[in-house]
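Assembly of the complex is requested from the two constituent chains, each provided in isolation within its own frame, with the hints serving as guidance.
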Amino acid sequence: AQTVTQSQPEMSVQEAETVTLSCTYDTSESDYYLFWYKQPPSRQMILVIRQEAYKQQNATENRFSVNFQKAAKSFSLKISDSQLGDAAMYFCASASQGAQKLVFGQGTRLTINP
Amino acid sequence: EAEVAQSPRYKITEKSQAVAFWCDPISGHATLYWYRQILGQGPELLVQFQDESVVDDSQLPKDRFSAERLKGVDSTLKIQPAELGDSAMYLCASSFSTRGKNIQYFGAGTRLSVL
Numbered sequence: 003a004q005t006v007t008q009s010q011p012e013m014s015v016q017e018a019e020t021v022t023l024s025c026t027y028d029t030s031e032s033d034y035y036l037f038w039y040k041q042p043p044s045r046q047m048i049l050v051i052r053q054e055a056y057k058q059q060n061a062t063e064n065r066f067s068v069n070f071q072k073a074a075k076s077f078s079l080k081i082s083d084s085q086l087g088d089a090a091m092y093f094c095a096s097a098s099q100g101a102q103k104l105v106f107g108q109g110t111r112l113t114i115n116p
Numbered sequence: 006e007a008e009v010a011q012s013p014r015y016k017i018t019e020k021s022q023a024v025a026f027w028c029d030p031i032s033g034h035a036t037l038y039w040y041r042q043i044l045g046q047g048p049e050l051l052v053q054f055q056d057e058s059v060v061d062d063s064q065l066p067k068d069r070f071s072a073e074r075l076k077g078v079d080s081t082l083k084i085q086p087a088e089l090g091d092s093a094m095y096l097c098a099s100s101f102s103t104r105g106k107n108i109q110y111f112g113a114g115t116r117l118s119v120l
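Sequence lines, in order, name chains A and B.
The C-terminal residue of the first sequence carries number 116 in our numbering, and the numbering is unbroken.
The C-terminal residue of the second sequence carries number 120 in our numbering, and the numbering is unbroken.
Treat the hints with caution; some may be incorrect.
[Said to hold, decoys possible] Below, computed lysine to any residue pairings styled on SDA-like, alpha-carbon distance capped at 25 Å:
(1) B:Lys83 x A:Ser44
(2) B:Lys83 x B:Pro66
(3) A:Lys57 x B:Asn107
(4) A:Lys57 x B:Phe101
(5) A:Lys75 x B:Lys67
(6) B:Lys83 x B:Ala25
(7) B:Lys16 x A:Gln46
(8) B:Lys67 x A:Gln4
[Stated by the list, open to error] Reference excerpt, derived from the structure (chain A facing chain B, CB under 7 Å, subset only):
(9) Pro43
(10) Gln46
(11) Met47
(12) Ile51
(13) Tyr56
(14) Phe93
(15) Gln108
(16) Gly109
(17) Arg111
Keep in mind that the hints were calculated from the coordinates and are not lab data.
The beta carbon of each residue, even a glycine, is placed where N, CA and C say it ideally should be.
Just chain B, same shape as in the assembly (with noise of 0.2 Å):
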């Protein structure tokens, strides 16, 4: 069964320092989303393409955070610097269109933690 992939599973990084991850959607899934959820909460939308384009990217932090999807399929989040903050499980998802009664399907995430 077709999976959303993403890497790493796990980052320790200190504060100050960049990362980025990595997410590929399930084959032929135009829709890709990249939520954040901190412990404890339910998760929340960070950006939302469609193929390569950005559809909402509201509730992004654009002063540390960039997320790109050059050829419509896989996506990279990247945080630069990052902030002690911004420890929390960062999950993509991907969906066939961008309906609302489309099923989104969601990888196993990366727990990013802060030092």
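Pulled out of the complex, with its shape left as it was, chain A reads as follows (with noise of 0.2 Å):
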């Protein structure tokens, strides 16, 4: 079975800094993949930056990138010039290859304040 965790449930951020997400997983499978979702108010919830687990190198989206630590089971979501449009709940999520569902930790709230 597939855990997620997210030990930071609200995270603030000054506009325009760098702000790091944390996420830890455990998984049994040796192919999955790891996911960032954002939920905005109101709002779908949308894809903001996806990581293969069997690629060393992090994923990187814009001003979106992961620190990916296979062996410590850890992956980070960095957000850099954060913008008031980045105000979200943000879940870490991961999916093994064989199983698509996608398993979601608790999320963290990310407000930016101007």
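As structure tokens, then:
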């Protein structure tokens, strides 16, 4: 079984600053994928970034990057140059190759201070 | 841009009543998921369809919940009878296939309040 843990219920950052959201996971699968999803208030959840576990290189999408530490089972999200539109709930999730269902963490509410 | 459509957006019902939620996935997406998200928590999978077949319903409370995707396109999730503990956001998602790397696209959800 897979589990995902987000230990930061809330985080805040000043606009234009950098913030890192933490995530740890546990899985017995050898082939799996990790995701960060963003859920703005009253809007649908959207994918921020995806990491394939077999790839050592950390994924990057514009201002969003991850620090994937496979041995430590850690998958943190770094948001650079934070913008007001980044305010949302952020969920870390995992999926195995064989069973695509997403297993989510509890979420981190990110507030951007102007 | 194609989106996953869900209706209604909000539903208020009384305990013991029946409720139904509808989802229309992105065109061409064979895999459809229903998740339940209790306030302050991450979503949890209720049921997964591949075309019209159920792939995983291990977390679906089958005594009161049912789901169908008769023609392999849109889907309906039903609760009968509703209980107070069913108050939550019900999210539908779809993806092109069942491979783990495929991105799931989510609808805006149906927020259910059971009184």
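- Cut-off 7 Å, beta-carbon criterion: hint that isoleucine 51 of chain A touches chain B: violated (11 Å)
- Decide if the proposed pair is consistent with the structure: lysine 83 of chain B and serine 44 of chain A, CA atoms, cutoff 25 Å inclusive. holds (22 Å)
- Quick one, are lysine 83 of chain B and proline 66 of chain B close enough, alpha carbons at most 25 Å? holds (11 Å)
- Task: Please verify that hint: phenylalanine 93 of chain A, Cβ, nearest Cβ of chain B, below 7 Å or not.
- Result: holds (5 Å)
- Task: Could you grab the alpha-carbon distance between lysine 67 of chain B and glutamine 4 of chain A and see if it respects the 25 Å cut-off?
- Result: holds (23 Å)
- Query: For the pair supplied as a hint, lysine 83 of chain B and alanine 25 of chain B, is the alpha-carbon distance within the 25 Å limit?
  - Reply: It holds: about 4 Å lies between the C-alpha atoms, which stays within 25 Å.
- Query: Does glutamine 108 of chain A meet its interface restraint, that is, does its C-beta lie within less than 7 Å of any C-beta in chain B?
  - Reply: For glutamine 108 of chain A, the interface hint holds, since the closest Cβ of chain B sits about 5 Å away, which is under 7 Å.
- Task: Quickly compare the C-alpha distance for lysine 75 of chain A and lysine 67 of chain B to 25 Å and report which way the hint goes.
- Result: Violated: lysine 75 of chain A and lysine 67 of chain B sit about 34 Å apart, past 25 Å.
- Item | Restraint satisfaction for glycine 109 of chain A [CB to CB of chain B, less than 7 Å] | holds (5 Å)
- Message: For a C-alpha distance cap of 25 Å, please report whether lysine 16 of chain B and glutamine 46 of chain A respect it.
- Response: holds (17 Å)
- Task: So, tyrosine 56 of chain A near chain B? Judge it on the closest CB pair being under 7 Å.
- Result: Cβ of tyrosine 56 of chain A sits 10 Å from chain B, so the hint is violated.
- Message: With the threshold set at 25 Å, check whether the alpha-carbon distance from lysine 57 of chain A to asparagine 107 of chain B stays at or below it.
- Response: holds (16 Å)
When held up to the earlier numbered hints, the structure conflicts with 5, 9, 12, 13 and 17 and fits the remainder.
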